[in-house]
Amino acid sequence: MARALLETKLHVPRQRRDLVRRPDLGHRLDGALSSPLTLVSAPAGFGKTTLLTQWLAGTASPRAAIAWLSLDARDNDPALFLAYLVTAMQKAAPGVGATALSLLESPGTSTEAILVTVINDLAAVDGDVVVVLDDYHVIDARDVQESLAFLVENLPSHVHLVVSSRSDPALPLARLRARGELVEIRAADLRFTAEEAAAYLNDVMNLALTPQDVASLERRTEGWIAALQLAALSLRGRDDSTAFIAGFAGDDRYVVDYLAEEVLQRQPDDVRDFLLHTSILSRMTGPLCDAVTGQDGGSAMLAALERANLFVVPLDDRRQWYRYHHLFADVLRARVLDEQPARVAELHRLASDWHARNGDRAEAVRHALAGGDFNRAADVVELAVPELRRTRQEATLRRWLEALPNELIQVRPVLSVAYAGALLIYGELDGAEERLRDAEAHLEGAGRQGRASAGSPPVTVVVDRAALPALPSSIALYRAAQARIRGDVASTMAHARRAIDLAPDDDHLARGAAAGLLGLAYWTLGDLEAAHRWYTEASVRLEQAGHLSDVLGCTIAVADICTAQGRLHEAMRTYQRSLTLAAAHSPLRGEADMHVGMAQILREHNDIDAARAHLNTSRDLGEHAALPQNRYRWRLVMGRLRQIDGDPGGALQLLDEAEQLYISDYFPDVRPIPAVRARVLLAQGRLDEAVRWAHDRELSADDELSYLREFEHLTLARILLARGVLGEDCWNETTGLLRRLLDAAERGGRAGSVTEILALQALTEQARGDGQAAIALLRRAVTLAEPEGYVRIFLDEGMPMTSLLQLLAKQDDAPGHVRRLLSATGSGGPRVSASQGLVDPLSARELEVLRMLGSDMDGPEIARQLVVSLNTVRTHTKNIYAKLGVNNRRAAVRRSNDLGLLSRDQ
Amino acid sequence: MSTPPANYRPEPPIYEIRVKGHLDQRWTAWFDGLTVTTQSDGTTALAGPIVDQAALHGLLQRLRDIGLPLISVTQTDPGDDPGERPASH
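Taken in order, these protein sequences are the chains called A and B. Be aware that the first sequence starts at 1, since it is given in my numbering, and climbs by one per residue. Be aware that the second sequence starts at 1, since it is given in my numbering, and climbs by one per residue.
The hints are simulated quantities; they were obtained by calculation from the structure and are not laboratory data. This one's a predicted model, so the numbers in the text were calculated from it and none came from an experiment. Zero decoy hints are in this set.
Calculated pairs, SDA-like style, for lysine to any residue (alpha carbon to alpha carbon, straight line, at most 20 Å):
no., chain 1, residue 1, chain 2, residue 2
1, B, Lys20, A, Ala187
2, B, Lys20, A, Asp251
3, B, Lys20, A, Gly247
4, B, Lys20, B, Gln61
5, B, Lys20, A, Arg191
6, B, Lys20, B, Asp41
7, A, Lys878, A, Arg895
8, A, Lys91, A, Val125
9, B, Lys20, A, Gly223
10, A, Lys878, A, Gly854
11, B, Lys20, A, Ala188
Isolated chain A, as found in the complex (with noise of 0.2 Å):
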């Protein structure tokens, strides 16, 4: 496993022999497993994880398979939680969470993405699931909460979740209570009844009270299990035990000061020494114990506290790993605070030694905290910034340093650099310059540490020295990502170079992120040259980093500029390669994404159902596989899917779909949603709203033109050139702006967009009445179009550009393309059947000549028709004759119609 986790934390506790039966509880219990959610909500000492434990050995283990899950503090790090309740369910039942634990290492993957493929590997489990949270009071970390608020809510329903806390957790209880899905169980319920009390202190602790002495112990504790366990060790070899349940009775102490007093009180020194200063310990082992005591024999002493039921509880079947009884614990350490309070601090500090020697740094770094030792505490945080990063406990790093005086980080650039880090994850630019300022400042100080002399400026401290040398590149790395946050193009570029030129050779995430960076920089400024370059260095050297989610949101940058350079197969190429990439590692975070850019490329293609096919592919796929752009990005392309099929309403849906989850992910906005959707109601008759869409965005056909505008001024275009198709006089307006975006494209090396502004000047000229330069110009664009097969940007023009593509078939020197999008189109010149049943095929040309041949009409007709000379006319029908074996019109005619040639066509 990757991310160290405790076993004694999955442990379900061993189950004590000598317990009270309560088989109404257990029975009460037996409802979890018809029910979402259980809660055990009771205050400390009540009994809860007893309860449990009981019901588990007993009804619940040979009808659901178990998870058990003891939580504490540290819980509070998202990534941590889900790594534990993910892992406890796999022990449960094997199959379950792998997706969700590689996900866990790869950045950014939202927690609800996580649980959702938690939620459908628990569907398929074969029979019911307990999954038990131990000790949720711990838990005040927001985003924690809102998982298994989302667990709860979204449980198969053979799924039952057991929560035992001692407050109520923050989930929607009032509705589960109303819709009766909520087993509650609470304090009333768990305390002892005057039964209940008598059979555990006679009957299994064998004090042979008389009647009255154990009702009046219970209305002392108010059936408060933790009260009478402490009681009954307080009674155990007395002779007086009447006269002391008085006194008890009758005093008003808090029920545990009085009795944990004399329980304490009649323990030899060294096992009240013992307890005491072991109490700082939140799990005990034998080599622990002797560390933090001095003393030898810790194993034996805590084998012997469990013999003696002195509130120590067994973490694992081997005996090796023990707790205290959480509210005796507490007990203990008020107690050790009061008595011997200089020397809590060196306890700690030997605890915290004890762990970072035996690999638990977060216990380490707790026990530093909480022995006030901040020096020891920022050591050994600084060693575990790697480890943290990695697993992504950014939270965990963040609370630490949190945790820390600021003048001690202050002095340690890597604990300064990691702050800034921690901070930018969050997208929070609030200190964090002035955290790379410190860092820088003390860099240059990093080499003499250790050599501080009185007024000279504080001393450098680095205890990671294996994480120097990435220091400069970072810092330039995080301010170059500060200016992408701010919107500071120049600074961007600034920074990243500069982090480039720092970084170790061998530094890939490092130089794979800057180059990043500046990839996306030179995008923005529509340099696609250079942005091609740069992310296409970035997704290698991420490659190697092993950052492959990077890799592929890399990938959809290259394709874009790709696009926009006019070489779709190049596109196609890199999104099939990374395809292969995340094949090898699936699931993998934008596996999504890569079939709805294959699906974008083959609408253009106008391969509608391979588009679909990958779009449901993506779909499929689930969100654990997509990049946070992709669902606006699928709903854009199914949207433009739709318009195809002739539904533009579903179309203009799916449009305002994604634009609400419109994001950006700092990508420029080359395609604006709304600018889409202005086409999409263009294309519809519906000028009104697609000018009041131009209008609200001020465009004219004056604006000085950039990259970053050109899809809204292309648009702009195609609104003007309807406006003159209605007979408004703008044609001075639209060829003025297609000229100068023409010359925009060509200069900035955009190949597509120079084959659409062809394609529409084209309809412009045409609508003009310029005939032969229409015909000009599409001839261009169609010759540009072939190479790359570009289909949907004449097809998407709808009818006046089907009309001026059969003028050009017309023409002699008609590029072969025009034929295939004439048959895309389904209403233009005769289809080439594949199977005409001829050792060589009519041509698209000749099959048209045929058809002529079968109408009335005659040579010098033929030729006027398809505009070409009488010879050209004479060259085509020889061509015939030879191909179908005749030699005059009639017979050519009837062999065609034996073939079929002509039969499916108009």
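Given the structure of chain A, go ahead and fit chain B onto it with the hints provided.
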């Protein structure tokens, strides 16, 4: 303008928290130095300055964790010495 200086910290408010049962003096350190005063009605008052709401909630959580039934939480005027007030009823 009478903007307070950047490092301005108002006097923390004084809180009094009452719980059921008599709590031993030895808990003073555990409860961040609050004065622990037992009352004749069988309750205990924990009183003193509490810097902010987070600290107050942390304190309430500690009380919860040792199972002390909570009776009331009140904010009192700084200047009152809650320890010397007679037990009220």
